[in-house]
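Protein chains in written order, with this note's numbering: chain X, 1 to 221; chain H, 222 to 775.
Hint data in this document are derived by calculation from the structure and do not stem from the laboratory. Where hints are given, some of them may not hold.
[To be verified] Stretch-level coverage of chain X by chain H, calculated; a stretch enters the list once three of its residues show a Cβ under 8 Å from a Cβ in chain H:
1. 79–85
2. 95–102
[What the hints assert, rightly or not] In silico lysine to aspartate or glutamate, EDC-like type, Cα no more than 20 Å apart, as pairs:
3. X:Lys106 / H:Glu339
4. H:Lys536 / H:Glu649
5. H:Lys371 / X:Glu98
6. H:Lys437 / X:Glu98
7. H:Lys442 / X:Glu105
8. H:Lys366 / X:Glu105
9. H:Lys366 / X:Glu98
10. H:Lys437 / X:Asp70
11. H:Lys437 / X:Asp103
12. X:Lys106 / H:Asp367
13. X:Lys106 / H:Asp377
14. X:Lys106 / X:Asp93
15. H:Lys442 / X:Asp70
16. X:Lys155 / X:Asp70
17. X:Lys164 / X:Glu14
Glycine included, every Cβ here is placed at the ideal spot set by N, Cα and C.
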Amino acid sequence: MSQPGTKKIRWVNETPLSPIERTYIPLVVQGLATTIRHLFSKKITVQFPEERYQPPDPIIYRGVHRLNRDEKGRVKCVACFLCSTACPARCIDIEAGESPWPDREKYPVRFTIDMLRCIFCGMCEEACPVNAIELTSLYDLSGKSREEMVFDKNKLLLIYDWTKDAEPPLERLIAAVGTREVPGGQSPPEAPEETWPPADAAAFDRVAERAAEARLSPPGT
Amino acid sequence: MAIALVDGIVVEFDERENLNGIQLARRAGVEIPHYCWHPGLSVVASCRMCLVEIGFRNAVTGEVRLLPKLVAACNTPAQDGLVLVTQSAKVQQARAMVQEDLLLRHPVDCPICDKAGECLLQDYYYRYGHRQRRAPWGPFTSRRKDIGEKITLFVDRCIMCSRCVRFTREISGTAELMIVDRGNHQEIDIFPGFPINNKLSGNVVDLCPVGALGDKEFLYKQRVWYLTSHPSVCVQCATGCSIWVDENQDRIWRLRPRENPFVNKWWMCNDGRYAYPYVHSPQRLVGARRKAPDGWCDLDWSSLVEELRQFLEQKERLAAVVSPFLTVEEAYLLCRAIRQVDPRAPLVLGDVPQVGEDERFPGGFAIAREKCPNRRGVEEVIAHFIGRVPPVEELPELVRRHGAQAVWLSGEYPQGWAKLEWLPALAELGVALIVHDLFPSALCDRAEFVVGAPAFAEKAGSYVNRHDRLQSVPAAIRPPKGVFPAGRLLWRLLGQEGTYEPASVLQEVARNISYFRAALGTIPPVGVDLKVNLLAVAENGTVNDLGTESLMIG
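Pulled out of the complex, with its shape left as it was, chain X reads as follows (with noise of 0.2 Å):
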């Protein structure tokens, strides 16, 4: 560790300012040069709600959570609490119960996610064992009361219906790295601008690379 007084630390006194300096001039330029560089630049800001802004990456957005569906339309969730125990702001409520149907085992009678509370760290969906919870790109959640933000299990379902065809589930994605194809038999460069995936083809590369990365190792291991 250094400490003062060792060979390691270089003192450095302050450079005395130069005359023309001394008037701030330079400084004001310098300042008001960046104001103005910006005023004629593209703008980042959007004019909502008139206009909307979109993600660039609405795989990687961190915005309202949904339940994916199983094959059979059914909620995915196994119930493992896992989100719940990753949640840092204590968000996630989930009561879970014999599953009703033959084929699986547990599932959540109750899945209640306190918007209110989230802080939108995606953790849950990286703990999520079976890929059931997601953060989707929507961002403009309002409501007129506080139980009204407290989202239940069918409304979390109803997210998924709504955004399925646009922000595909990443095992979908997964799937379709090695085919190039778009889940639902769309292809990339006849797909509308505002859908997912985008035209480019690379970009979709790119998700889906950093999806098989991120997802394809086996857990455990």
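Position chain H against the provided structure of chain X, taking the given hints into account.
Below, chain H alone, put in the same frame as chain X:
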């Protein structure tokens, strides 16, 4: 004393202790992983997880000669000159291979398995397993078999340690479980039509080192890492089993046996295990109320103590029923509070519920017919104050003879009062009743005061079981809103300074009543035997194999 070497650490032990290699290693602070061995069951050495290198040290030359093959530590008796090597590459390789073999057929459905978090298979895999799984991943499901009223079997999670089979043969003596088929097709099963419904069946779930046996009452209710365990004592019978109360946010989710070699060893019965839901019953009496001309008047806790004190002092002549569900400290404070106002007040022992006969099991476990936890303690407290222990049937007679104006009735019976034959005779005398109870009963209608009482897990204190063993336990959860721990209420009623501390009250009891003399000083977790007036100390090597084992390797 004999001497053995465990990983170069010298361990001294007595050969008469009958230790095995695992227990011997524990003395040296070395954990040997094991599945099938359990201190309460016979040794089968079938899981092969405890394989170690053993050898013998020549006492004369000091030369150590190791056996060429690995040997199961659970099946190796500790003897003088024994040498155990538990960390060599050979042993580690063997453990990793055992782990890999067990996981070949295991569904690895940890996210939906109730055992996850306290599972030996998980713990040992992280500690001793291979880094990488070489086998393909199987389906994420386990076949499920219904094998009893309380127990369900997840067939594919089983690692065939046979602890549950041995338990039903050796401890409960009912032998419902067996292993069917051979080799890879081995499965735990019951004989068709003979489910596992014995009174100790809940223990097989605790015994199971993996999640193969599930408790239907607890299934999918909570993940174990949300639960906090508190030591406690079961109040369902006079055996007074040591238990863990597992709670999450003041709600009890399950009870588990706590190892106590002097009381229940590693077991507890289903009557005690599944009795806790009454603690959270919505029918419970909460708050305090006093009879008013037009119904009831609710009292808040700040005014209750003053009202009660004024009432008792105004009535002058008192009597009290001391329930065998009270702790020693509460019984003592109640007797003192009543006798402070009326030094000649009669005290009677509350109803002692008796059901059937004692139930004994081949493994030594016994369920007492007496369904209350503290008859002995309360008897001795009452005897200290009045010299004898009148039963509750004598209450009307004693009240009439003494001319008592008010009777303090403590109940706290989980199933309600069993016998109230004495109530009409008492009602004829026109005495005022102060009812301190868990549930509404016929007494409440005639009462002047009705005060909600705490349930067993909500109060700290000491219980004396039928074999005169006193166990002191802390409170596990907070009582529901409006319920005051009885000790605190009585402490205030006595006008004592400061807060109610059960430990210091017990010291006062131990100083004043010779029966409790052995309780002077600190009480070990296994309790003290009041009969021999000696502090009982737990044997060194007996580490809790149900509760703390998975913590030990964590």
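20 Å limit on alpha-carbon distance, applied to hinted pair X:Lys155 and X:Asp70
Cα-Cα ~16 Å, so holds.
Pairwise hint evaluation, X:Glu98 against H:Lys437, where the allowed Cα distance is 20 Å at most:
Status holds; Cα separation ~10 Å.
Assess, step by step, whether the Cα of H:Lys437 is no farther than 20 Å from the Cα of X:Asp70, and give holds or violated.
violated (27 Å)
H:Lys437 and X:Asp103: Cα distance at most 20 Å?
holds (19 Å)
Is it true that the CA of X:Lys106 sits at most 20 Å from the CA of H:Asp367?
Distance ~16 Å between X:Lys106 and H:Asp367 Cα, so the pair holds.
Does the alpha-carbon distance linking X:Lys164 and X:Glu14 stay inside the 20 Å limit?
Distance of about 59 Å is beyond 20 Å: violated.
Agreement of X:Lys106 and H:Asp377 with the hint, judged by alpha carbon distance not exceeding 20 Å
holds (16 Å)
Given the proposed pairing of H:Lys371 with X:Glu98, does the C-alpha separation stay at or below 20 Å?
holds (15 Å)
Mind checking the alpha carbons of H:Lys366 and X:Glu105 for me, to see if they're no more than 20 Å apart?
It holds: about 12 Å lies between the C-alpha atoms, which stays within 20 Å.
So is the region 95–102 of chain X in contact with chain H by the C-beta rule, three or more residues under 8 Å, or is the coverage claim wrong?
Coverage by chain H holds here, the residue count being 3 at a Cβ distance below 8 Å.
Just to be careful, I want the Cα atoms of H:Lys536 and H:Glu649 compared with a cutoff of 20 Å; is the pair within it?
holds (17 Å)
Does the structure keep H:Lys442 and X:Asp70 at a Cα separation of 20 Å or less?
Distance ~23 Å between H:Lys442 and X:Asp70 Cα, so the pair is violated.
Hints 10, 15, 17 from the earlier list are contradicted by this structure; the remaining hints agree with it.
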